[in-house]
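Asker: Chain residues, written in single-letter form:
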Amino acid sequence: MNARLSKLLHFVAGDAQADRVVPPTGYTARLTVFAAASMAFLAVFALALSLATGRLADRWGEALAKSSTIRISAPADQMDAQVLAVTEVLATTPGVKEARPLSQDEQRALLEPWFGPDLPLDQLPIPRLVEVIEDEEGIDAEGLKARLAGEAPGAVLDDHARWREPLVRAANRLRQLGFVAIVLIAALAAVVITLAASAALSANEQVIRVLRLVGARDNYIARAFVRRYTLRALSGAIVGTLLGSLAVFLLPPAGDQASFLTGLGFKGWQWLWPLAIPPLAALVAFLATGQAAKTVLQEKR
Amino acid sequence: MIELEQVSYGYGAGTLLSEISLKLAPGSFHFLTGPSGAGKTTLMKLCYGELIASKGRVTLFERDARQLTRDDVAQVRRRIGVVHQDCQFLDHLDVAENVALPLTVSGRSLSDESELEDLLAWVGLSRQRAAKPPELSGGERQRAALARAVIMSPDVILADEPTGNVDWDMSLRLLKLLVELNRMGKTILIATHDMNLIRSAKAQVQARVLRIANKTVQHAGADL
Ligand SMILES: Nc1ncnc2c1ncn2[C@@H]1O[C@H](COP(=O)(O)OP(=O)(O)O)[C@@H](O)[C@H]1O
Ligand SMILES: [Mg+2]
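Residue numbers (our numbering), protein chains in the order written: chain A, 73 to 373; chain B, -17 to 206.
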C-alpha cells in the first residue's frame, strides 16, 4: 500500500527530465485540456440534474408512500356504523396494509393549531378520519371509491398525493438519465483522450524510435505520454468543474417549493460530489492513454 | 561479447546476408566494409538487436538475441553504444540533453555534472552544448552521436559510417576519438567504405577488416 502510494506520488510529482523527452505538442495539448474542461462542465450539470431529480423523487415518493385518508361525514348517530363499514371495506381491499380510524385525541391534535386545545370534539359535527397505509402494490383508488360509495355514502377517499405518481416516475427516470449522461460523458472523455494520445504517439514516431535506440523501455515511453495526458485531463477537469459548479451556484435561488427548474443544484454535502469529477477525469485519462500507448507501441515494434 | 553463427538475413523474400559468422572479442577493433547496399547497416542492426536473424544464432552478452524480450533489448542497448548512420536526435532537446538521453531514459543521472562537460569537450562540442540538433553541421552531429553512444560507458561501440558526410580532417578527428575509446578497452566496430580511413587507423591500432561480399563476410587480409 505504501509502495503503491509512493509510486503514485512519484507519478504525480513526475520526473521533469523524463517529461521533456516527449516534445511539447501545443495543439493537441490545448484540445485535450479544452475537451476535459467541457466534459467536466457538462458532468457537473448532469450531476446536478441527477441529484435534484433524486431529491424531488424522494420527496414526492415519501408523500405517496404515506397514507391516504378517508374522511367520513355523517350524522352523529350514524357515524360509528359508517366508520365500521369503512373499516370493513378496507379490510377486504387489496393494497391496504393497515387501516386505522384516528382517535379523538389524534384528531384533536390535528385541529389544535387552528382551534386551540379546548375543542369539544364530541359535540361538533367534525368528520372522522381513517388513515390508510398502503403496501407496495398500492390501492386501486377508483375501485375503492366505488365500493365506499356503496357501503358508506358519507366516506370520501382523499388521494390528493396520487396525482404526483407520474411525476415521481418521471423524476426517477430523469435521475437515471442523469447518471447515464455522466457515464456517457466519462466514456466520451476516454474516447477523446485516447484519440488525442494515439495521434500524439503516432506523430512522434521519430521520437519513439530515437528513445528506443538509446535504450528506453516501452514503459518509460508510455509513461511520458500517459503522465502528460493525465495531467492535462486533470487540469482541464478542474477548470471545467469549477466553472460548472459556479454556474450551478449562480442559478436563481430555489424556493422551498419543489419546483423542478429552480431546484436544480446541490444541497449541503452534495457540493462535495463535483469534487470527484477531476480525479475521475484523471483516472479515465490515465487508463485510456495507458491503453493507447500500449497499443501504439506494440504496433511500432 | 557479440557473436554471430551462421546468420542469414533478408528483407522480404531474398537473402541479403547468408551464413555469416563473426565474433567481436572484448577490446577488439574491427572495420566492416563493402559497397553501398551490401548490408553493413543490416549487419549492425543484427548486432544490437534491432533486427532478428532469419537463420543462425546471434549471441549478445552470452544471451541468444532471439530470446530477448523488449525490455532485454532495451537493456542490451545500454551496453552497446551505437552511432547511427543517420544520427537521429530529439530536435526539441539541446545537444547536452541529447547526449545525456541514454542516462535519462535509464533513470540515471551523472554522478557529476562535469562529466557531461568533459565528454562534450572531448568531442569538441562545448560551445554547442545549448544548440538544437538541426543547427549542427554534419561533423558536429557525428560527434554528438558519438558522445551519446559512449555516455553509458558501454562495452561495445558500433559506428555506422561515422565519417559518411564529413571532410577528411573531421574523419581523422572522429577516428582518433574511436581509437582512444579502444585504448580504454572498448570493443569497436566501424562500418565504412573509406579505405583511407582504414589505412589511417591501421597505423594507430591493430584493426581487422571484415568485408561483405557475395552476401557473406570475408576476413580481408593485409592486402589493403
Ligand atoms: N527496412 C528495409 N526494408 C527493405 N529493404 C531494406 C531495408 N533496409 C535496407 N534494405 C535493403 O537492404 C540492402 C542493404 O541495406 P544496408 O544494410 O543499409 O546496406 P549498407 O549499409 O551496406 O549500405 C539495400 O539494398 C537496402 O535497400
Ligand atoms: Mg548503411
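It should be emphasised that the hints constitute simulated quantities derived from the structure, not laboratory data. Mixed in with the good hints there might be a few duds.
[To be verified] Below, in silico cross-link-like pairs of lysine to any residue (SDA-like), each with a Cα-Cα straight-line distance of 25 Å or less:
id	chain 1	residue 1	chain 2	residue 2
1	A	339	B	88
2	A	366	B	70
3	B	158	B	185
4	A	366	B	5
5	B	5	A	285
6	A	366	B	158
7	B	27	A	292
8	B	27	A	322
9	A	339	A	359
10	A	366	B	185
11	A	366	B	55
12	A	366	B	192
[As the list claims (entries may be wrong)] From chain B, some residues computed to sit far from chain A (all C-beta separations above 10 Å):
id	residue
13	16
14	88
15	94
16	119
17	120
18	137
19	193
Built from N, CA and C at the ideal position, the CB exists for glycine as well.
Asker: Holds or violated: residue 27/B with residue 322/A, Cα cutoff 25 Å?
Answerer: Violated, at roughly 64 Å.
Asker: Please check whether the beta-carbon of residue 137/B is more than 10 Å away from every beta-carbon in chain A.
Answerer: holds (14 Å)
Asker: Confirm or reject the statement that residue 120/B sits farther than 10 Å, beta carbon to beta carbon, from all of chain A.
Answerer: holds (18 Å)
Asker: Taking 25 Å as the top limit, are the C-alpha atoms of residue 339/A and residue 88/B close enough?
Answerer: It is violated: about 51 Å lies between the C-alpha atoms, which goes past 25 Å.
Asker: Quickly compare the C-alpha distance for residue 5/B and residue 285/A to 25 Å and report which way the hint goes.
Answerer: Cα-Cα ~22 Å, so holds.
Asker: Just double-check residue 16/B for me: nearest Cβ-Cβ distance to chain A has to come out over 10 Å.
Answerer: The claim holds: residue 16/B sits with its nearest Cβ about 23 Å from chain A, beyond 10 Å.
Asker: Can the restraint linking residue 339/A and residue 359/A be considered satisfied, given a maximum Cα separation of 25 Å?
Answerer: violated (32 Å)
Asker: Check the hint pairing residue 366/A with residue 70/B against an upper bound of 25 Å on the C-alpha distance.
Answerer: Holds - the C-alpha atoms of residue 70/B and residue 366/A are around 23 Å apart, at most 25 Å.
Asker: Is residue 366/A close enough to residue 5/B, meaning Cα to Cα at most 25 Å?
Answerer: With a Cα-Cα distance of about 36 Å, the restraint between residue 366/A and residue 5/B is violated, given a limit of 25 Å.
Asker: Beyond 10 Å from chain A, beta-carbon-wise, is residue 119/B?
Answerer: Holds, because the least Cβ-Cβ distance between residue 119/B and chain A comes to about 20 Å, which exceeds 10 Å.
Asker: Hint check: residue 27/B vs residue 292/A, CA-CA at most 25 Å. Holds or violated?
Answerer: Holds, at about 22 Å.
Asker: Is the nearest CB of chain A more than 10 Å from the CB of residue 94/B?
Answerer: The assertion about residue 94/B holds, with a minimum of 16 Å to chain A.
Hint violations for this structure: numbers 1, 4, 6, 8, 9, 10, 12, 14, all remaining hints satisfied.
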